[in-house]
Structures are given as C-alpha cells and as structure tokens.
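Number of protein chains: 2
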Amino acid sequence: MTDDTTDADGDALDPDEVVERHENQLDDLLAEVDEPTPAEDDSTTLELAGLELSRRDFVKAGAATGAMAGLAGCSGNIGGGSNNTTSSPSGSSTPDHKVAPGEHDEYYGFWSGGQSGEIRVIGIPSMRELMRVPVFNTEAGRGYGYDDQTTEMLEEAGDLTWGDNHHPVLSETDGDYDGEYLWVNDKANGRIARVNLKYFETDAITNVPNTQAIHGCSVQSPDTGYVFGNGEFRTPLPNDGRDLDNPDEYVSLFSAIDPETMETEWQVKVDGNLDIVDTDKDGRWAISSAYNDEGGVTVSEMTRDDRDFVKAFDVPAIEEAVEAGEYEEVNGVPVVDGTQDSSLNQGDSPIVRYIPTPKSPHCVEVGPNGDYAFVAGKLSPTVTIIDIDALDSSSDPEDVVAGRPKVGLGPLHTTFDGNGHAYTSLFIDSQAVKWDIEAAVEAEQGSTDPVIEKQDVHYNPGHIQAVEAMTTDPDGEWLVSLNKLSKDRFLPVGPIHPDNDQLIHIGQGEKEMELVADHPAYPEPHDCVFAHRDKLDPATTWDKSDYEGEKEFVTQENSRVERTGERSVDVKTSSMRSEYGLKDFTVKEGDEVTLTVTNIEGVRDVIHGVAIPDHDVHLSIAPQDTREATFTADEPGVYWIYCTYFCSALHLEMRSRMLVEPRDD
Amino acid sequence: MTDDTTDADGDALDPDEVVERHENQLDDLLAEVDEPTPAEDDSTTLELAGLELSRRDFVKAGAATGAMAGLAGCSGNIGGGSNNTTSSPSGSSTPDHKVAPGEHDEYYGFWSGGQSGEIRVIGIPSMRELMRVPVFNTEAGRGYGYDDQTTEMLEEAGDLTWGDNHHPVLSETDGDYDGEYLWVNDKANGRIARVNLKYFETDAITNVPNTQAIHGCSVQSPDTGYVFGNGEFRTPLPNDGRDLDNPDEYVSLFSAIDPETMETEWQVKVDGNLDIVDTDKDGRWAISSAYNDEGGVTVSEMTRDDRDFVKAFDVPAIEEAVEAGEYEEVNGVPVVDGTQDSSLNQGDSPIVRYIPTPKSPHCVEVGPNGDYAFVAGKLSPTVTIIDIDALDSSSDPEDVVAGRPKVGLGPLHTTFDGNGHAYTSLFIDSQAVKWDIEAAVEAEQGSTDPVIEKQDVHYNPGHIQAVEAMTTDPDGEWLVSLNKLSKDRFLPVGPIHPDNDQLIHIGQGEKEMELVADHPAYPEPHDCVFAHRDKLDPATTWDKSDYEGEKEFVTQENSRVERTGERSVDVKTSSMRSEYGLKDFTVKEGDEVTLTVTNIEGVRDVIHGVAIPDHDVHLSIAPQDTREATFTADEPGVYWIYCTYFCSALHLEMRSRMLVEPRDD
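Which chain is which? The protein sequence lines are A and B, in order. Mapping of the first sequence onto our numbering: position 186 corresponds to residue 186, and the numbering continues sequentially without gaps. Mapping of the second sequence onto our numbering: position 591 corresponds to residue 591, and the numbering continues sequentially without gaps.
Zero decoy hints are in this set.
Here are a few chain B residues that face chain A, going by a calculated C-beta distance under 10 angstroms:
no.: 1; residue: H97
no.: 2; residue: G143
no.: 3; residue: D616
Calculated directly from the structure, the hints in this document are not laboratory data. The C-beta atom is built at its ideal place from N, Cα and C for all residues, glycine as well.
Working from the sequences, and respecting the hints, build out all of it.
Right, dumping it as structure tokens:
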C-alpha cells in the first residue's frame, strides 16, 4: 500500500487520484469477496451498515462526502496530508527482538486463545509461547479436566469442554498490576474464569446467570472492585422458553462479579447488544460499547438506524439502586433496569448514560490517565473520544464527546504509549494508525488530522496492544497487532490458517513504528495484556498448605490401598525419581478407584505424570503437589501406570502395575 | 561445565583431577536428587543399572576402569584429548535464525506433543509454531472431537480424549519424504494415528490389538511398506484377566500396520520391553532397542542382568512365517513367536536377531546411508554401532557390533549430518556430543576417541534431531536438542515448566556447534522430524470431492430444516461472510439435531466457525469444507449460534438463532 494522499514524491494527489487509489485498494480487498460467492458475480455486494452496496458504489461512497450514515467518512484519509505510511522498517534503527539463550523476556504477555478456550503466556519481545493455561477447555498435558478437582470445577460450571475466551484482564492494586489473578470471559457460554498467577492455573469458573454471551470483560480500577462482564446476545429473561420469537422482550445484561467469591452481585439490563467494556481509573464508571440499539435480530434490522449508544454505567449509582431494592430478582441475581426508558435513567443522575456514536462501533478503551474513553467506529472511519469527567457534569449526551478523529477504514481497537499517542487498528485498511490524542481533542471536530503515521499489517487486525497500555503508566516500547488473517505469510499448513500476531517496535512512542516480527497464532487469539516481569512472582513448586485438609500429602511410607466399599477403593501413592510409592496394587473389575498421588520432590521442574492406559486418565503433578483421579476399573487385566514427564535417566522404568481381577459375583 | 580432560590451558589433567571434575559435575546434578527425598540424607542413592550406589561410589565407579556392568565406561571422556566443550557460541559466525516478516521458514518441523496428544508444526529455523494438529486429544479450536466425523473416529479408537504421542514419522517414496502422511504413536493407549498432510488433519486412528503401549514408531523404507509400532509394556496375551500376576507369561509385541488401511497385519512377540524402532533403507530390517530382557516387573528385577538385546526383525522372513501359517491368532491378528527360544529363531535364519548391548539402552537410529544402526547406551556411556549388512551374514550376534564409542554420560538419541558425523544427546551430562562415525568404526573398540566436540544444553536432553537426518541425504544445517527441563531459562510461569527445545547451528557439520536459541515447549515433546518445505504441498482450501457422497455441500439456496423423526431434525445451512444460510430455525425441546454447515467461500484463510452456546458444540469450517455436529436441544430457549473466526467487518453480526420450543407432551 502507498500513502493515501501523496504520490511517490510526496506531492499531494488531486482528489480523483486519491479516489482511484482507494478504489484499487478496495478492489484488491473485494476481489476476495467475489470469489467465494458462487455464481453471483452480477450481484456481488459488500454488506456494511445493513446496506447492500455494489463494489463500485462502495468505493464511491467511501470517497464521497460522507452523506451515507454507516459510512460517514470513508474519506477519512483523503483530507489529511500528514499520513506517513511505512510499509517496511527503516533498517538503521530496527531493534532485535530476539532474547539470547538463557536470558529472560521483559514482559509477560497473556493471550486469550479464543475458541481454543485457553490462555497463552507469551514472552515479549521474543514472542515465544512460555506456557499454556487451559481455562474452559480440557487439556491432558496439564491433566486439566482429568484430575478430580478440575473436572468437578468444569462440571459445575456447565459441564462443558470448551469456551471462547476473548479478554484477559489482570488484577490491580492501587491502579497497577499486582500479579495475583487474571480473569477472562467465555463468550460461547456466558462465563468468566479466574486464573491464579501464583500457580498459573485456573481456580474458578462462574457461569453467569441470565446471560448467554459474556463478551467484554474488565476489572474495576484501582483495586479490582468488581470484574465486569458484558452480555452480548439479547435473550428472553429468563431464557426458559418464553418469548422465543419476541425480540422486543429480549435483553442484554451488564454483570458485576465479586473477584474473590466469583458470585454475580448484580446485573443491569440495557438496550442494544453490549460489546466491549473498560473502566475509568477511580471506580466510578464502566463504559461499554454497544450495537443494535434497534433490538433487531438480523443484520439488516440491527443496522436500520444511523447510530448506536455507548453505555456508561455509574457503578455507585447502581449499587445504590440495588441497596434500595430497585430491582427484579431473576435466578437469584438482582437485575436493575438500565434501559433508556427506565425511571432510573431519567433526570440528571441516570444509572446508565447513553452516548450516541456512529452506527455499530466496536471497542472501547480508556486511556492511561483516565481522561478519555476511545470508541472505535468499525463501520465509521472514526474514533469517538468520550470525556469521562463530562459524564458526571454534562446533561446533553453529545457534550461528552471530546473529539471524533478520522483514522482510516475499519477502526476496531485502540492502545496507548506513555507519550500521548493512541494506536488504532484498522481492519479494512490492514493498518495500525498512530495519532495524537490531544491534537484530536483540541481540534474542531473533523477539521484537522491528528494522524501521525500508519503501519501496514498482515492482514486485517483485530485487537492491538502496547506493553502495559492498560495501566496508568504505559511503557510504550512494544506493540502487538493481532491480525485475523495470515494468508501467505507462513509456510502453508492446510486450510486452517494461523492468525498472525505482529510485533511492532514503537520506542516509547518517540520513533516511527517498525514491524519487527510475524508470529503465527493458533486460532484464534482476540486480545492480550502485558505486564512487566517485575509485577509477577509465581511459585516454582507447590505450597502444600494451599490444599491442606482437602487432599492428603502422601509420602512413600504411607502409600497404601484402602477398600472403602463393596465397589470402591482408595489408592494413595507418592511419586519421586524414579518410582511410585506403590509398585503395584490390585482392585476388582467394576471398582470405582480414587487414585491420589503426591509428588514428594522439592526441586523445581521435576514434574511427574500419571498415565493409566485405556482409562482416559492423566495426572500432571508438580513438586509438592497432590492430585486425585477417580475412574472405574471396568475391564480385567494388567495396566501399567507410568510417568509421562521425563524425570530421570530411569524415567522409562518408573511404573506401577494395576491388576484388575475379574469379578465372579 | 569445562572440558573433561584438560585444564584451562588445554593441558591434560592428571586422572585425579579428572575424577574431581566429574565429581563436581555430578555433585551439582545429584544435589537435586537429594533434596526431594525426604529425610533420607544418609541413604541418598542414584539408581543406575539396578544397583544402588551412593553418590561417592557412583562418581568413583564412573572414574574407574569400567569393571561395573551397567556403568562400563563412565570414564568415557577421560581418555580422549579431542573433546572441545563449547559452552557459548563463538560470536563471529553465529547465524541469525530469525525469519524476516513475510518470509518463510525453510523446513517443516513436526513435533510430537507427548501427553498433550497433539502434533505441532514448527518452522525451522525460526522455531515459530505454525499450527497444531490435534491427534489423540480433543481440541475446540479446530472443532476436533466436536464435529461428528472426528468424534466418531475418536470413539471407535477407544473413546479416549488424550494420548501420549512420541514419534512422528513421515511417509516415503523412493526413500525420500513424499509429503503425503505423518504417523505417530500413542504410548498411553497402544494406538497409532495418521495425519493427512494435504489438510494437516488426523484422518485415522488404529487401536492396535493385544498391546498396551506403542512406544517406538517407524516407517518401512523406501516406500512406506508398513508402519511399525513397538509394544513397550509386557502384558498377558490376551490381557483379559488371565495371568494377572504371572509376569513370566507377559509379552511385548512388535506390530506391522498397513499404512493405507491402518489395519494391523501381524505381530511378533519377543522377550524384553521394546523401546524405539528404526528401519534400514531397503525394506529388510526393522531394528528395535529393548530393555528388561529379564522379564522383571520392578526396576531392580528389570536391571538384574548385565545386558539387554536389540531385536532386529527380518521383515520378509516374518512375512513368510505368516504366509506359512506359523502363528497364533489373537484378537484377529496373527501373532508370530519371535522370543529367543522360539523355533523360528533357531538356525542361521532367525526371524528376529538378538544382539547384546550394555544394560538398558535407549534409542536406536539408522544412519543416512543405511550401513549402521546406532543404539544409545543410556546407563552405559557408549553408543553401540550395529553393522546392518552383517545382520544377514553373521552367525555370532557379537560380530554385528561394528563399534562402541564412549561418548559421555546418559546417551539417549543420535542424529546425523550429511558429512559422516553423529550427534548424540547426553541426558546426564546435559550435552550434545558430535562424533565421527567412521573413526568410531575403524578404531579398535574402546581404544580411541572419535568425539569431536561437545555442546552444553539446558538441561537434560532427550531426542536430538538434525534437519532431514532421517533421510538418505541429511541437510545438516540445523539441529534441535529437545531438553526435558528448562529450570531457570525462561520467565517463571508456575510449577509446571515448559521444556526447552534448543536450536543449534551445525553448518552442514563443517563447523563448531553453536547454540542459537532457546525455545520453550508445552509439555512434553518427545521427538520431531524435519522435512524441507519443497517436499510438502498442502491444500489451502478443501476439495469437496474428498467428501462427496458422505456429506452434502450445502449452498445458500438449499439451506433448510428437515424433520426426520418425532425427536430428530436435520438442519442444513451455508456460511459465508457475514451470514449463515439460515437466519433462524426452530426445533423442539429434546430433539436430536444434526447441524450440517458448509463454508461456501473459495478464498484461502476465510474460515467460519459455528458456536452453539451451552451445547458444547464448536465447528471449524475451512473454505469449501462441510462439517456436521449432532446434539440434543435439551433446554427450551433462544440460542444464538455465532461465527468464531473473525471473518469480516460484520463478523460480530454473523449469527443464527436456534429457537427451542418447550415440548408439551
């Protein structure tokens, strides 16, 4: 791609040439839209804003004056002259993102794994995957969903084996990451999970009542007051078969979860579909983007009007309403009415402020100093800047909009450095755009161009994140663009392609963006969050006091077999290099066996596994940890239990025999 | 670590100083053995070769003259003067393993995922994970174990949700990789799976009869005649409750699987526990390492004797025996008696040759030109070189041993460059040792030192693989050491540590080894195999003729709902950007719903997902592919089916509504 508005010599193009460039770019993009649609060449369309546009019409609309509602300003780039589109790094100052053997990365990156259901821990700047943390999925490598404890947790949270996690968020103390916990949503099943960062292990999953799709997920600053979850899909309340095809009765819910108990404290029903949520820095406002304020159920119904409304939740005001009993209890949760017509929203102190934006925006992010929330336009080439202080003082919803810079086609997400810059991902343009926040605010709306620079990415970015961008003091050294398509960027690996997370060096925001590395990602990360390594202090072995009273610490000496009933047996054994406490044990066909295994080692990284052939059992036991698995020994025979983690030179010989005797009775 | 036998100036140490160095190294190592053993300081032991040695005794034994059976030659390094232990790369010629944004890796690396049950595709030299291919595990990201087809395949293969895969092997034509298939074993459950490399997807899993643990796995050269699987654990035959605690009746089996039908053609029962297998280059011999020829069931029983026996299977001779009916049929498979006392093994043409090695060796690998098989000593510091041609001509089993070089402590695996060098991983020494094959063969046994160079790795390597080392023409540019422990090499991520796969540059074998990169690996890769990128030609979209007749290609026009019974419904719909063919559909509570979805796009990387909230269903559908999921609609309500792969600017709006009506009857 070339600069939008200048020729090769940097001279301004005349408007027709700009239109032609845009047309060519969009032709490239739309060429792919054509191919898949079988035998429909004549009616090839691009659906945007619910309108079916032919390719030519779309390009023209984009280049026109912005009369079209949903596309008001596809000409975003055309007026500006300061765009500096860099398509290749300037060689001289390219930083090396490699981390030398044995040296450590500077940042922890926590990636949501999307439909894989897991969290991935990735080191920055090396982009190496340091660990996977299974969350909503089952995963044998760590025995997650195989030992009794995690199996029960997953069963109680809906008995599901996957989830679609999007937004990882970190616990805070005094507005900074405290390294204690991470939460992440499950969009597929309306859940929120918590990962304990002492052990890098999921320790709680909440199935949030009354809501089908938790999409946005955020932590209330500055001290993790609540974990907020945005219910995206509108459904009947409760969703028990009533009002099946009566969308007017559907609602979406904003939920507040207690971070300790993981109980849902209260919910607020609103108009439209809630999308992403972020909070201010002092615990007052939670601000959600939303679409489909029409309450439609098809794309065309959802995009009938010319605007949607951001919802700004006044948390203390909602707490007061709950306290005053102004709610309906549904499935045990107080549900407060926050719809636009609700009595609680009339007057000068509404519990939810409705702020108009161009149609179907996508993300909202609050900037580092807490002054502004940034709402990316998606179908509009703009970012709506909301003045957070004005939420309290202003009575006209339009007055809270501090600016609406045009940034490019398909803006989805925004991130920040520590020097007053915002970086917005452009899904349609396949670019990251760097722009100046104050310039956008100070300028008369639409009359200036705060855009500093654009960087091509490959291809179609969703989230964009800079290191520690969600804190009050972003480091601004590295930025990652999470691109949804990789196409030809990697060796081909069949029809299911990896995504492409690209590492971009931004040098505290003081230099040009430089694309440093492509990084393939298993489908499909949505978002990530980065914490400096000094902010975490994980354990390297288990602290057995963390499970004392719940599970026995089984030593070599007290390894034993105990029959607990006619058809039930407890087997307890230690494990160490290179032997289990029990060399063998005998049970009867049909016995329910509860196997408890303690890793009595004290040295980091000496893990033992427990595989039981043909019984679908695998335990993964870190030093000082104890795990249990309950299974039925349903077929007579000899079964060699063995260690799956290579632990010593005699690892291969580390085994125990389970003898299952035929039951004659 | 320092050179074993010279001081800082390169002068030879006197024997006492050498002993002291070894002692210090082992002290470091054994310090960790001490810690985990609770309150047993006085009896701290290292079990090797079944003998319990105190730390001091072990060190002394290692430094002694080799009188001890299992440790014959812990002094391996002491005699030599040519060891060049490199602990850091020589800066000047360090190659950059980074692959620039948009450029491709040169090699496909296929990693077994161990207890994670998956195959990982990793690019060399960048070490980036390009894709995961679920094999024995279920994995929602790709809908594997969620769509009907893969769910049925997993159910028929034992209804298990995980496996422990160790050895990925590639299909061959004319002795070279043809890019068609990959096979991998499941040690936990005695299975072998096949991955189709057109689609990078598992397409068959065989539950091998009569065997509990398939460990070694190999392809018969030069044209993928069979896929061989080594049954490691000895069990009764059949394992149906007979001979439960009668180990004399236990057997382990070598299995030959047809690569097309994936049927088990025949099996050979042998003495001992089979470990790893490799084949010669012309279809005659399959050579397996083995341990526990004693037939013991505890470590001390397994290491009672002073040697074990490699088993060399004469494949044509076994086929003749099967043809002649000289077998017992067990669970439908011909089982030939290949034990040492079998009548088929007497005389000059045994079907299995038993070749003595030092006690409890580990791996066997056949070198590039097919002359030799290399058996790493594990407890012995040697590699036993077997002359493959001599297998046919020699009547004395000892005569087939062409050399037994001393390489270091804990040799486990060997790999090759194209210049006559072998590289052996040393588990205990935590090193990769490069040595000269012909020097080892030509020299009188034990009297010379073919070792060229040693490279520290971090820590405790298992497999070691150079690029295309398993072909007849290794490229020898890069080598990967798969280290079992990472300890302090990465940012801490809790008690479950990643492994550490280290990339080492070997420059076609003509230069010193250079450690280039540490790469964390999710637990726990065992082995990998590398193919040059020119040897694969994966599809970028599906070819619908591959499933014609089995599944319908559902277009937008014929999207529909069909009631097929009182409680069963077929729902068929297309998917494309940004809509499903059906905007909604209605079923009744309790209906079994079969949902068929076709992705009608034709463009690479435009994937659509299908998530059904609360029903544990996820489909992942590449362009031109069709997937089905069958589930029960057991709760009345509105369920928003949505697309999980970000596919267009209106991806978020890509949905369909499933209305589940209450059933009154």
